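S.K.: Here's the letter readout for the chains.
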Amino acid sequence: MYVAGYGCCKQEILASVGPVYDISRFGISFVSYPEDADVLVFQGFYNGKGLRKVINVYNQMVQPKKVIALGKCALESLSYAESEKNDMLYEFKKRIKVDVYVPGCPPRPEAFIYSILRLIEKP
Amino acid sequence: MVILIKKILYVMLVLGINLYIVSFLNTKIVSRIELRRGYKGYKIGELVFPYSNSLKYLSKRFSFSIWDILIFVFLILLWSVVPITLNLVIINLDYGILIALVFYILILVFKIFSVSYTKYNFIMGDFLRKMTQMFSLIIPMLFSIISIVILSKSLDFNVIVNSQYQCWNIIYQPVGFLVFFISMLLQIKLMNLSEHNQFLYFDNVSKEGEGISKLIERLSGYLILFFLIVLTNILYLGGWQKFYSIRGEIMVGIKFYLVFIFLVLFERSISNIHGVNKLINSIYKLLLPLSILNLIITVVFCILRNVYFII
Amino acid sequence: MSKEIKDKKEEILGSFAENTEKNLNFYFGNKIDIIYNFGKDIFFELNYEDLPDVLESLKNNPDFNFDVLSSIKYRKSSNFLLIVLFSYEKSITLNIKIRNSVSYLNFDLNDAIGLLKKIFKFSPYYSNRDYIKDINNDLIVFSQIPETLDTFDLYVSLNKDLIKNAYICDEISRYNADIVFNCKEINKIISMVNNLDYKAGIYPELCFCLGIENLLQIKLPKRAVYIRMLLCELFRLACHLSYIISMSMILKNMTIFNYTLMEREKVLNVIEIITGSRIIPNFIRIGGVSKDIEESTLDLLYKLIPQLYKNLRKIEDLFSSDVVVLERLRNKGIIDNKKAKTIGLTGPNLRASGIRFDLRKSDNYLLYRDFAFTVPLGRSGDSLDRIFIRFKEMYQSLKIISAVIGTMPLGAVGKMINPENLDLIPSKVISTVECPHGIFKMFIEIRENKDIQIIPIGPTKNNMIACEMALIGFSADDLLPVVSSFGIESPEMY
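Residue numbers (my numbering), protein chains in the order written: chain A, 1 to 123; chain B, 124 to 434; chain C, 435 to 928.
In short, the hints are calculated from the structure, not lab data.
As the structure is a prediction and not an experimental result, all values here were calculated from the model.
Keep in mind that the hints are not guaranteed to be accurate.
[To be verified] Residues from chain B that face chain C, not an exhaustive set, calculated with beta carbons under 10 Å: (1) 156; (2) 159; (3) 259; (4) 391; (5) 422.
[What the hints assert, rightly or not] Computed Cβ-Cβ distance ranges for the label pairs, DEER-style: (6) B:178 / A:114: 34 to 44 Å; (7) A:64 / C:772: 55 to 65 Å; (8) A:80 / B:232: 30 to 40 Å; (9) C:747 / A:110: 43 to 53 Å.
Beta carbons: idealized from backbone N, C-alpha and C, even for Gly.
Using the sequences and the hints given, assemble the complete structure.
M.R.: Given below as structure tokens:
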């Protein structure tokens, strides 16, 4: 699993690694190389350059690959924001298909873990 | 011929069982230390955990290089020389300790080559740094091994063990044992044994698995750990000597797991070693002088005992 | 007796501000029109042509002696340029808004910085420096890899193994706050503004509400102030704990990592019971707070404090007894007090280099004067000091929390104020709080039709400059621990 971006949601992802919400009991681990990742987590604040980086990461991942969009900021930019043709966001929406949307600002660690389990059950 | 095949089978069986127990214990102890309660939940599942881990690596992309095969071959060669107990050894050599150390160093060299296949440059740089640290750790270890060899006047494992029938070497050579243990601990720390829950892999070589090469990397890590523990046992803790009325084979098992648990506990309590210059400096300041001092004292002791018959 | 001394101190400090106001009027009376004085912050407007002369005399004249450039804020869309000067001896901030006498021309930031360059040494750091990317790229650390370094990329040029030059490229965190914070509804602003500091979200809220209350001259009930203080200290705890988590992650000590996460989880749990959310509180309202704290939660927190203290001690012991940690951090990334003063550092990073400066002591913005606590200081300003100063601050905030619980007064928690019917006149306010990273300021401008614009002035840029300065001359092995020891994480810069 590869986590992109920064922000409040990353705090909750960090909490899910810890001893209280132990995410590694489901066999999930975080990597920093996109080649090893199966799932991309899209969360936090982005501008054009950040979005271009995420597209780069997505292109480097190996099939089969899934995308989780986490938190209010990501959802807002993906579903409500207007995008023009020469915009980076338009490019992003065209290239990347999101599988699971997780609402919340920020979503609790349980919600994050639940979204991953949904991905495992119904690929 | 039949005896040889039998011996090979026995050695493989013993190593396999120990591999299972050690990887199981490792996850258990580490999870307990790191306060992760997740492993408590799986009552039946935890018994299968070591197998599922290896299956996870195999289910990924199929990739291996020639160096992985070489590592595997040399691991087999290493374990054909090292005796676990008196009879549980495939080839009995008069200079076994020398050959074992040569194989061990060769395995480390092949590990460098196997990692140099990655496209990320900094992994290679990091691994080279780790390896230089490892080799700088091996030097004081070799010095303390030499003093043992001088004490028992042989390169044969059997002779070394038999020379401890009265008293274990740890009593003659506490400083040497300390140096040996510290360098062993740091080597295991560098090899990064307990490897789950790593949110970031930045200054580590390890990545999420890639087929057989990853499996062999993990296997080689564990087998090197076994080699180091068995070496401690033979050199300092009396090997398969009888302890009062307890049989030697049982004593080997007890000592093996005691050393292992101590190692894991110490390994978790120190943070990762990084920065080649710093570590080499501290080794040259502390471990190397201590081991050389130990060597000189043993040489003087042996000369006094064997040449002048004073002691 | 002690109260008298305190009053005298305040008189002296107050007279500093008045004196500077008088002096400003005396020296540049014809050049500047209006001077606002908000206690420690003085605000005035200035023409662009007069900028170099005024700044030079402000720096060199012994009557002013404002020798630190604290921040430069620039918005291209609204043609806005704000220069913030600071003096450590008087602890007074000067906020200078530059007016454009030729209205059809936009400011050029590089032009203004070209003027400032001769007077203040560190002014080029505030301009767009992306051209450095092409020069030093011997070693590039991209963002997203470790947890702490997720808001910027690092471009480093090396001389063999030693760092010659470092550049923190924050292009991915240039988050356009202009769009979000031009808004009419105050409730919406309060719910959005806590994104500015995602590790301690209560501080931007508090800063905004304090500013509006200062403008309307609202006096708060005592219980509301106490609850605000309690939450501030809880968030300070959570923020410092997450700093230690990221530090242990860089040092790869998973034992400390997990123990600290456990403690952080306890603190977040209490915050959740009080505010309803773990990380983004949206709790403070104008004229008080949104909810009252129940007695049972206070009891729970009171029982938690000795437990937290014990566990934090344990974690500190784990840190300080580890030889590897000490070897890697001691005497690395040193910022001595002279350098820290010229850069304009604030917060724990400043205190680590041995300068006693805390807004909670000197400014008294909430009722911090009711409680006894000390301001911990470091000795040499290296990376190790920056860790242990945070531990000491956490013990102090635990002390404050227990004192707050012990003397919690009864009464209302807020005034009944409908934020939509406030009679806001076009004006400007600056409010200041001491957040866990440093001093957090907010420039609030109310225009016609109750249109509110917010410009945050945070400590992150100063921390970045200090980080770039500290890296020079050390080996590439020390790169990550030194960078993460500054605790740079905030999108409040632009």
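S.K.: For every hint, state whether the structure bears it out.
M.R.: Hint check:
no., hint, in the structure
1, 156, "6 Å, holds"
2, 159, "7 Å, holds"
3, 259, "15 Å, violated"
4, 391, "5 Å, holds"
5, 422, "31 Å, violated"
6, B:178 / A:114: 34 to 44 Å, "26 Å, violated"
7, A:64 / C:772: 55 to 65 Å, "57 Å, holds"
8, A:80 / B:232: 30 to 40 Å, "58 Å, violated"
9, C:747 / A:110: 43 to 53 Å, "31 Å, violated"
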